[in-house]
Amino acid sequence: MPLRGGRLRVGATTAQIVSTGNNSLWLVALISTLIGMILALQSAYQLSQFGVTGLVANLVAVSMTRELAPLITAILVAGRVGSAITAELGTMKISQEIDALTVMGIDPVTLVVVPRTLGLIVAVPALTIFSSLLGILGGCVVGVSVLGLGATGYLSDSLGALVQQDIWGGVLKGLVFGLIIGVVSCQQGLDTEGGADEVGRSTTRAVVRSIVLIIAADLFVTAILYLRGLT
Amino acid sequence: MSRPAPVIEVSGLKKSYGDNVVLSGIDLEIQAGETMIILGGSGRGKSTLMRCLNGQERPEEGVVRVAGTDIFKAHPRKLARLRESMGVAFQRGALFTSMTVGENIDLPLEELTELPESTRHLIVRIKLALVGLEGAADKYPSELSGGMQKRVAFARAMALDPAILFADEPSAGLDPVTSAGLDQLLIRLREVFGVTLIVVTHELESAFTIGERIALIDRGRILAVGTPEEVRASDHPVVRHFLDRQPEVSLEHGERYRRWMTGQ
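Protein sequences, first through last, are from chains B and D.
Those letters in the first sequence? Residues 1 to 231, per this note's numbering, in order.
Those letters in the second sequence? Residues 232 to 495, per this note's numbering, in order.
Treat the hints loosely; a few may be bogus.
Label-pair distances were calculated between CB atoms; the ranges are [as the list claims (entries may be wrong)]:
{"id": "1", "chain 1": "D", "residue 1": "Arg312", "chain 2": "B", "residue 2": "Asp191", "range": "25 to 31 Å"}
{"id": "2", "chain 1": "B", "residue 1": "Thr222", "chain 2": "D", "residue 2": "Arg289", "range": "41 to 47 Å"}
{"id": "3", "chain 1": "B", "residue 1": "Gly200", "chain 2": "D", "residue 2": "Arg489", "range": "36 to 42 Å"}
{"id": "4", "chain 1": "B", "residue 1": "Gly200", "chain 2": "D", "residue 2": "Asp258", "range": "38 to 44 Å"}
{"id": "5", "chain 1": "B", "residue 1": "Ile167", "chain 2": "D", "residue 2": "His306", "range": "44 to 50 Å"}
Which residues of chain B face chain D? A partial, calculated answer using Cβ under 7 Å [to be verified]:
{"id": "6", "residue": "Met104"}
{"id": "7", "residue": "Ile106"}
{"id": "8", "residue": "Gly148"}
It is worth saying that the hints were derived from the structure and are not from the lab.
None of these values were measured; they are calculated from a predicted model.
Just so you know, even glycine gets a beta-carbon here, dropped at the ideal spot from N, CA and C.
Start from the sequences, fold in the hints, and give me the full structure.
Printed below as a string of structure tokens:
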């Protein structure tokens, strides 16, 4: 049968999307709001010196969407979901569950790696958009309560400041970061050898490597978008 | 009496981890339908030998032929098909802890066959009944005792009706009554399905209960191979040591101990 060995595993992929969302939604919401507020305060400090406090909305919206939302989301997901994946696969490896798959003739990559990675590739961009929105709302809270700006004016300025490329750029980063978290976490899990302490070590390594690669990839993607004139 | 071609043929198998030589030239033939026991003390290379036989481990030298195919030179797709004809029951079961017992047995059926779900469920129930665990399908492995987990592992290994069944230390960590029950189960699997059974164990009693032929392995070499009677009659000193359950106090060992103690 053509489907043999190449099933799309919609169920397992959906499960990964749902569990990624469940595990990180509130965390991403909280951290994004706080970052949005901090960003508004910090930029207000600078912008007030030029008498353009009103530009806070634009600055927060653009920096959240293009840069901070993808980065924060990816780092939180790496710590929260990537680590769980590595721990799970690492435990499966040391208790010979992965070996059991291999000797059955089932490829562990198609059964456990592909759905998890696909799930992250979908979930991270979605969380990124959510994070941008919450960051903008956090900035709005500061704008209204501290800087004396109008709420509707702030929000319409925020939306007006964004061009399509900002949003696509953020989503593209989310895709790349999701891929990085999936591949690194699964690979570290499957490479675990030994006992329980090794699972812990693999998990730490997966998170650290994911974050380093995410930031390096961030520079790379930003540079490409910039050089291609999609600024 | 002319014997048919062996189902597993091993020649010149060598394997080492770093400086530690685990297998130093193994030759072995296993006939279709027989029960071969690979017997030996802990860390003497018997598990490694089994892992080489079912292709989990790649030896440095030597050939393993399963049903005439060299498994280390076979095309991946051919190897995958060959693996479907080999079931492995792992030492600690290696059941998927996130799945129920039924799902564990169903997994190879779901992944590797095109059978409809109703048929697969029937097969799962048959396999569970075979190992004496009717009605356990909806339990999780963590809810089962060690002996029951091993039984499930056998049921899963038998899911695709393999021609060859590997069992790694089936009685390790079990009480004598439970392990005797597992021995009976293995004998029944062989009688009912005619599988070629390859059992790795250090338990003399179960080796002599279920074995039709026994290969005694020590320090990476096969010291004796033959029927239980032949092995029992062997006068090889190491074989005698093992069978008579004498602790191993070789001269070389004593010398090393003295040097370690005195630091010389």
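Right, here's what the structure says about each hint:
One distance hint, 25 to 31 Å for the beta-carbon pair D/Arg312 and B/Asp191, holds here, with the actual separation near 27 Å. For B/Thr222 and D/Arg289, the Cβ-Cβ distance of about 43 Å falls inside the hinted range of 41 to 47 Å, so the restraint holds. In this structure, B/Gly200 and D/Arg489 meet the distance hint of 36 to 42 Å, their C-beta atoms being roughly 40 Å apart. A hinted range of 38 to 44 Å holds for the C-beta pair B/Gly200 and D/Asp258, which are about 42 Å apart.
A hinted range of 44 to 50 Å holds for the C-beta pair B/Ile167 and D/His306, which are about 47 Å apart. Checking B/Met104 against chain D by beta carbon gives a least distance of about 5 Å; that is within 7 Å, so the hint holds. Of the supplied interface hints, the one on B/Ile106 holds, with its beta-carbon coming within about 5 Å of a beta-carbon of chain D, less than 7 Å. The beta carbon of B/Gly148 comes no nearer than 54 Å to any beta carbon in chain D, farther than 7 Å, and the hint placing it at the interface is violated.
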